[in-house]
Amino acid sequence: MTGPRTIIIGGGIVGLSLAWNLARRGWTDVTVLERDHLNAGASARCGGGVREQWSSADNIRIMKRSVRLFESFPQDTGFNNWFRQCGYLFLAYSDEQAALFEANVKLQHENGVASRLMSPPAIQRLVPEINLDGIVVGAFHQRDGVCFPFAMVWGYAKVCRELGVRVLPGHEVVGLEMRGRKLTGVATNRGAFAADLVVNAAAAWSPRIGEMCGVALPNHPEKHEALVTEALHPFLSTCLVPMNSGMYAAQTMRGELYACVGLQKGPAADYDPSFAFMRKVSRLLIDLLPRAAGVKALRQWGGFYDITPDTNPIIGYVAEPGNFYQFHGLMGHGFMFAPALSELVADHLAGGKLDPDIANYGVERFARGGLEAEKLIIG
Amino acid sequence: MPRKTIVCRCEDVTADEIRASIAHGLRDIESLKRFHALGTGPCQGKMCLVNLARLLLEAGIPAAEIKPIVSRPPGAWTPLAAFAGRKAGERS
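Protein chains in written order, with the working numbering: chain A, 6 to 384; chain B, 1487 to 1578.
These aren't lab readings, by the way, just hints derived from the structure by calculation. One should not assume that every hint holds.
[Stated by the list, open to error] Calculated cross-link-like contacts (lysine-lysine; reagent style DSSO-like; alpha-carbon spacing at most 30 Å):
#	chain 1	residue 1	chain 2	residue 2
1	B	Lys-1553	A	Lys-69
2	A	Lys-380	A	Lys-358
3	A	Lys-187	B	Lys-1553
4	B	Lys-1553	B	Lys-1532
5	A	Lys-301	A	Lys-69
6	A	Lys-111	A	Lys-163
7	A	Lys-69	A	Lys-187
8	B	Lys-1573	A	Lys-163
9	B	Lys-1490	B	Lys-1532
10	A	Lys-69	B	Lys-1490
11	B	Lys-1573	A	Lys-380
12	B	Lys-1553	B	Lys-1490
13	A	Lys-69	A	Lys-358
14	A	Lys-111	A	Lys-380
15	A	Lys-270	A	Lys-358
It should be emphasised that the depicted structure is a prediction, and the values quoted were computed from it without experimental measurement.
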């Protein structure tokens, strides 16, 4: 047996991609505990957006790597992830937002991302049905895109199992067992598991896991909702992000129009679908794409963003228990970050190599006031 | 149910494809939905769910363990203009 007895709590894309990366580095005793069935949580509820356009150098570098991993996922895993590089078009509605786009594109170019500013006439050519009212400028990058969320989770679960990882749906963690200053095991509704290392990858539910061993975590769940319409002939070739609302919208390969947006900042108790969301998202969509008025809604649902006080992830060991690793706080963008972050976390855990891109993400930073905020958190 | 019976018309899934998935370990409707996208198409599960339940029963899953998917609003197809409180063609 190689590597510690490792329990990963949370069978979303974060937990599964980490488990696979640990197994690929030779660890032979890795277990992923998922409370529900696979694809029940945020990994399956998200819009599947994957992009290199970010506002901080760290996030740009990490997402460049992640986009490569989304591109090669079918070859790497033997599982089709339906990754469609339709581009992302951000839309600025004020001079302030336009200045942000200009700074972002400059930073993205410095980091090897070929994004570009787009004038309103060029926007109209790319999206003929768009309502240009109020749009100052756009920022576009073709390599960004949308991936089918269910497929990523199934694909990672498949390759995990091929390498001997135990992927266990229906196992809800009910307690953590401690001896001295270390965790020794994880109690579930279906029995206990001994552990030398425990990874908290429970996203919006991570603070509840932390509480089980006295670790206070500052994340909170924030409710965001999504809408899918009937299928239409293809008319929208890219993913739109109008920065006056925080909504993002795209057309799927099946022709459905979908859009996601949050209603309210702050902690939420549930992610039940709301009528208030339908009113808001319908108005936003009609303002942006007037033909949406006559398009019929097919289904709506909600999910949690896993929010941290400074909008950056929480990654690393805690002071005590010393074998309790945190990997969460991904701000509603964990789906796109997980493939690349999991490589870095696996290098840290299995190789003892702490990459500078994640070295600042320890939970202890909040005592010192946190990090600089990312400006392109959307949805 | 014959092998090639279409269990889900929206997503074009046959009875044998469902049987293979059940044999592969997807032993509940929620997991089958997320593998085959059953219930997410135009009918929103109105046609396929009863077929899925039957195939799970035939595979030996106890009836008490077979639970339906969560049904999503709005239930009936509804134009976005109705939610927005606007007439088609009208803007803010």
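Looking at the structure, which of the earlier hints fail to hold? 1, 3, 5, 6, 7, 8, 10, 11 and 15
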